[in-house]
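Asks: Take a look at the letters that make up each chain.
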Amino acid sequence: MDFLIFQVPMLTLQAVLDGLLLGILFALIAYGMALQWGVMNIINIAQGDLVILGGYIAYFMYLYGIHPAWGVIVSPIIMYFVGVVIYKLVINKVVDRDLFISILATFGISILFMQLMNFAFGADVVLANSGYGTTMLFDNSVTLPNSKIFSAFISIVFAIGLVVYMKKSKLGRAIRATAQNARAAKILGVDTEKVYAATFGINAALCGVAGALISITFTIHPYMGLPYTIRSFMIVIVAGLGNLPGVAMSGMGLGVFEEFADYILGTEFRIGSVFLLLVLILVYRRFKLSRKREYLK
Amino acid sequence: MKIKNIIITFVSAIAILFSTSVVSLAKVVGDKIILGAAISLTGKYSSNGVHTQNGYNMAVDRINDMGGIKVGGKTYKFDIIYYDDESNPKRAAQLAERLISQDGVEFMLGPYSSGLTKAIAPVTEKYGVPMVEANGASRSLFTKGYKYLFAVLAPANLYLDVAIETAVELNGGKGVRIAQAFEQDAFSQDVRLGILDAAERTGSKIIIDDKLPKELNDMAATLAKVKAVKPDVLVVSGHTKGALTAIRQIAEMKVDVPMLAMTHCDAAKLSKQHGKNSQYALCASQWHKTLTYKDDFFKDGMTYAADFEKLFGYDPPYQSAESSAALLVFKDAFERANSFDQKKVRDALADTNMQTFYGNIKFAEGGQNVDKPMVLFQVMCDDAGKCENKVVAPLKWASAELIHPIPKWSER
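As given, the protein sequences belong to chains A and B, one line each in that order. Anchor point for the first sequence: position 282 equals 282 in my numbering, and the numbering is continuous, going up by one each time. Numbering-wise, my numbering comes out as the position in the second sequence, counting from 1, plus 297.
No wet-lab data here; the hints were simulated from the structure. A few of these clues could be false.
[As the list claims (entries may be wrong)] Quick list of in silico lysine to aspartate or glutamate cross-link-like pairs, EDC-like style, CA-CA up to 16 Å: (1) B:K511 x A:E268; (2) B:K705 x A:D139; (3) B:K423 x B:E394; (4) B:K566 x A:E193; (5) B:K551 x A:D139; (6) B:K569 x A:E268.
[As the list claims (entries may be wrong)] Beta-carbon label-pair distances, calculated as ranges: (7) A:V16 x B:W706: 54 to 64 Å; (8) B:M363 x A:K88: 55 to 65 Å; (9) B:W706 x A:P9: 19 to 29 Å; (10) B:S398 x A:F100: 48 to 58 Å; (11) A:G266 x B:W706: 19 to 29 Å; (12) A:V157 x B:G469: 53 to 63 Å; (13) B:K683 x A:Y284: 49 to 59 Å; (14) A:K167 x B:K511: 37 to 47 Å; (15) A:G65 x B:D612: 18 to 28 Å; (16) B:W706 x A:K88: 43 to 53 Å; (17) A:K88 x B:A697: 50 to 60 Å; (18) A:H67 x B:E466: 41 to 51 Å.
Where is the CB? At the ideal position from N, CA and C, for every residue including glycine.
Could you put together the complete structure from these sequences and hints?
Replies: Pasting the structure below:
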């Protein structure tokens with residue numbers, strides 16, 4: 001039974017496609033995390049809660065009769081300002097401090113957001129229906145929900161847009177300069193305070209996009225943010241800091257890995273196996289690093 | 298600075314003194330029987346916590362208005378002290394301690410969910426406080442030998458039992474092939490055990506047995522497997538998230554199964570959130586308003602539902618109905634015990650054998666209600682897309698005929 005995937009060849013294709021579509025969406029969230037981690041050296045535990053808040057924006061549009069797909073435009077705009085406000089209120093006080101302090105601060109923000117969302121939106125699990133239908137391949141043996149294809153497509157558009165923006169725009173260059181050396185950037189006239197605020201805002205905006213997509217592909221709930229934080233954290237760790245193309249690859253890779261783990265080991269080991277992979281990768285990195293040092297000696 | 302510290306210490310000392318010296322309320326004050334309850338008014342169970350509280354409050358008002366409780370020739374009224382357990386088991390256990398040792402409560406009503414009931418039960422047991430609970434169905438609550446715990450609801454392992462039996466019956470008495478996916482929490486896993494029992498009893502075979510991690514809201518892999526092996530019955534239980542995810546992905550992936558059985562359909566507002574996609578889903582429920590049980594206080598299900606809607610503005614979910622029933626049970630037990638002695642009330646509770654609008658109530662040794670079968674309803678929609686839950690099993694209460702097998706997606 002466990003190896004059903006090898007008996008039914010189409011399941012392999014289904015698993016790969018499902019994994020890729022899922023992975024691309026997760027990669028978008030991880031993208032934001034990698035960006036602000038790289039620039040500000042902050043691990044944002046509230047990442048998943050920002051995603052859920054973005055999802056609620058799309059959900060409320062849906063409730064008021066607007067198609068939730070517009071959420072991918074409205075949600076990031078609102079979330080950008082939410083991000084900037086969080087930065088001005090909390091993050092700017094911890095940005096130069098120890099990593100541990102920023103983890104504590106964002107953990108606090110995460111709890112606050114969960115409770116506020118629960119208070120404002122209620123504890124029901126909700127979703128927005130896009131009515132996008134399904135793409136069926138190979139005589140209905142492989143099915144791909146169009147909402148997932150849409151999510152992946154939008155994620156790719158935003159990811160490419162961000163890379164281009166970082167390369168070409170003035171702010172993008174300032175962000176990259178600050179990431180490389182904040183002090184030097186400051187001396188050369190970059191307003192790092194502004195750069196930090198914008199970076200956190202961009203991260204929140206990406207979370208907003210992802211949230212809107214999650215509300216039309218999965219479900220949202222005030223307390224469902226943490227798994228997204230952990231997932232994006234893992235993707236960034238696997239990719240390595242400051243490696244944006246790596247984030248996309250590792251997101252998709254983890255997505256596919258997860259699907260295959262589900263078929264081969266069983267659904268209950270799906271998330272566990274991703275953690276196991278994370279441990280293995282960290283051990284391998286450490287091993288490689290230690291060899292490098294010896295070489296340098 | 299020093300003076301400031303001294304003042305702060307002094308003020309906090311006085312505050313602590315006041316907070317602990319609040320008059321200890323006894324179980325019965327004047328003509329009031331005071332019950333205690335820790336309920337999830339905030340946190341992730343808050344929606345169902347509020348349904349529970351509304352159910353309790355409605356029954357308290359109704360019983361008080363209709364003459365109260367007669368004990369020893371005197372008439373008493375119910376009153377409830379509520380605390381918010383924040384959907385947190387540790388907090389619930391603390392609050393139970395507080396209710397009993399500080400507030401002097403001698404009779405308790407249950408919290409919402411199996412997890413929180415599990416946290417409170419050892420405390421009430423320790424103090425010998427009878428607790429009638431209405432929202433903890435996990436089987437493990439009834440196998441610990443608790444003497445003071447009574448549940449008006451049927452245990453979790455019976456939730457979808459009826460579905461398997463119905464499927465076997467429709468298959469001409471031959472066993473069926475079952476695919477199942479359950480979340481990894483106490484309640485859902487108990488439902489799973491019930492299915493395993495039913496499968497063994499009926500000679501059915503379980504061909505997919507997935508355990509969904511709590512963090513997961515994607516069932517695509519499970520459903521792809523279901524598509525490949527084509528079972529006769531698909532069973533899903535994972536609270537509201539599981540129900541919503543399953544219906545969304547079954548519709549998106551066009552998974553055809555002859556029977557789909559689930560839990561938490563009404564809590565998930567399935568037909569409202571998914572409309573026609575939820576059609577034909579079979580859902581386990583503790584209660585449905587069309588059942589014909591009767592009592593003197595709420596008359597029957599339909600009247601209860603109408604009165605509830607007038608008070609709170611929404612159709613009562615079964616969580617509210619069972620909570621109201623808990624108070625009817627307490628009233629009955631107090632009157633039969635004719636005393637406020639905890640031991641006597643406990644014994645009276647154990648001897649309960651009554652009918653309420655919610656169903657018959659009779660407790661087994663472990664405290665679970667053995668006299669009330671689960672009902673199954675099926676989501677049925679008209680052409681305009683308006684969906685309704687109609688009871689289809691057991692046959693005695695069926696208000697509509699079960700639609701089986703579920704039409705294929707290509708024919709809908």
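Asks: Identify every previously stated hint that the structure contradicts and give their numbers, smallest first.
Replies: 4, 6, 7 and 10
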